[in-house]
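Novice: I would like the entire structure built from these sequences, with the hints used as guidance.
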Amino acid sequence: MIVDTDVLIWDLRGNRAARATIAQQVPFRISVVTYMELLHGIRNKREFQVLRRQLQRWSVTVLQITPDVSSRAMFYVEDYCLSYAMQLADALIAACAVEHGDTLLTANARHYRHVPELGLSEFWPGRE
Numbered sequence: 000m001i002v003d004t005d006v007l008i009w010d011l012r013g014n015r016a017a018r019a020t021i022a023q024q025v026p027f028r029i030s031v032v033t034y035m036e037l038l039h040g041i042r043n044k045r046e047f048q049v050l051r052r053q054l055q056r057w058s059v060t061v062l063q064i065t066p067d068v069s070s071r072a073m074f075y076v077e078d079y080c081l082s083y084a085m086q087l088a089d090a091l092i093a094a095c096a097v098e099h100g101d102t103l104l105t106a107n108a109r110h111y112r113h114v115p116e117l118g119l120s121e122f123w124p125g126r127e
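Counting in numbering that gives the first Met the number 0, the sequence shown runs from 0 upward without gaps.
In short, the hints are calculated from the structure, not lab data. A few of these clues could be false.
With beta-carbon atoms standing in for the labels, derived distance ranges [unchecked claim]:
#1 Asp-67 to Met-35: 16 to 24 Å
#2 Arg-45 to Asp-67: 32 to 40 Å
#3 Asn-43 to Pro-115: 40 to 48 Å
#4 Gln-55 to Ala-84: 30 to 38 Å
#5 Val-31 to Thr-102: 12 to 20 Å
#6 Arg-15 to Gly-118: 19 to 27 Å
#7 Cys-80 to Gly-100: 22 to 30 Å
#8 Val-25 to Cys-80: 29 to 37 Å
#9 Asn-43 to Thr-102: 28 to 36 Å
#10 Thr-65 to Arg-15: 30 to 38 Å
Beta carbons are placed, not taken as given, at the ideal position from N, Cα and C, and that holds for glycine.
Specialist: Dropping the structure here:
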């Protein structure tokens with residue numbers, strides 16, 4: 000399972016449904032794009048340390064952008080940027096999941112539904 004940024008943010012903000020869902024996935028993987036998106040939300044060194052410890056507790060593996068992931072993401076942007084407004088980060092995360100033959104756990108399924116070869120698992124933050 001590859002976990003999308005939004006689900007991790009829900010957990011880090013204390014959402015019980017996210018915490019329970021993620022606990023069922025440990026260990027799991029994330030894209031390096033997700034890791035960098037998480038870092039963008041960090042406000043200080045203490046929060047950085049909290050994030051690093053949590054990633055270790057979850058036994059997260061960070062998947063890098065390979066040439067195959069990059070190529071697939073490029074095609075996704077070409078195919079879906081006009082019709083579905085696909086963003087760069089979403090294209091890279093989707094391509095990472097497809098290239099690794101993994102399902103993507105996300106609360107933003109609408110960002111990814113148009114990618115036919117991507118397996119999605121939807122997370123609903125309101126479910127407690």
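Novice: All the hints need checking, so say for each whether the structure fits it.
Specialist: Hint by hint, here is what the structure shows:
1. Asp-67 to Met-35: 16 to 24 Å: holds, 19 Å
2. Arg-45 to Asp-67: 32 to 40 Å: With Cβ atoms ~37 Å apart, the hint holds.
3. Asn-43 to Pro-115: 40 to 48 Å: holds, 42 Å
4. Gln-55 to Ala-84: 30 to 38 Å: holds, 35 Å
5. Val-31 to Thr-102: 12 to 20 Å: holds, 18 Å
6. Arg-15 to Gly-118: 19 to 27 Å: For Gly-118 against Arg-15, whose Cβ atoms are near 25 Å apart, the range 19 to 27 Å holds.
7. Cys-80 to Gly-100: 22 to 30 Å: The hint (22 to 30 Å, Cβ to Cβ) holds, given that Cys-80 and Gly-100 are roughly 25 Å apart.
8. Val-25 to Cys-80: 29 to 37 Å: holds, 34 Å
9. Asn-43 to Thr-102: 28 to 36 Å: At 34 Å between Cβs, range holds.
10. Thr-65 to Arg-15: 30 to 38 Å: holds, 35 Å
Checked against the numbered hints above, the structure violates none of them.
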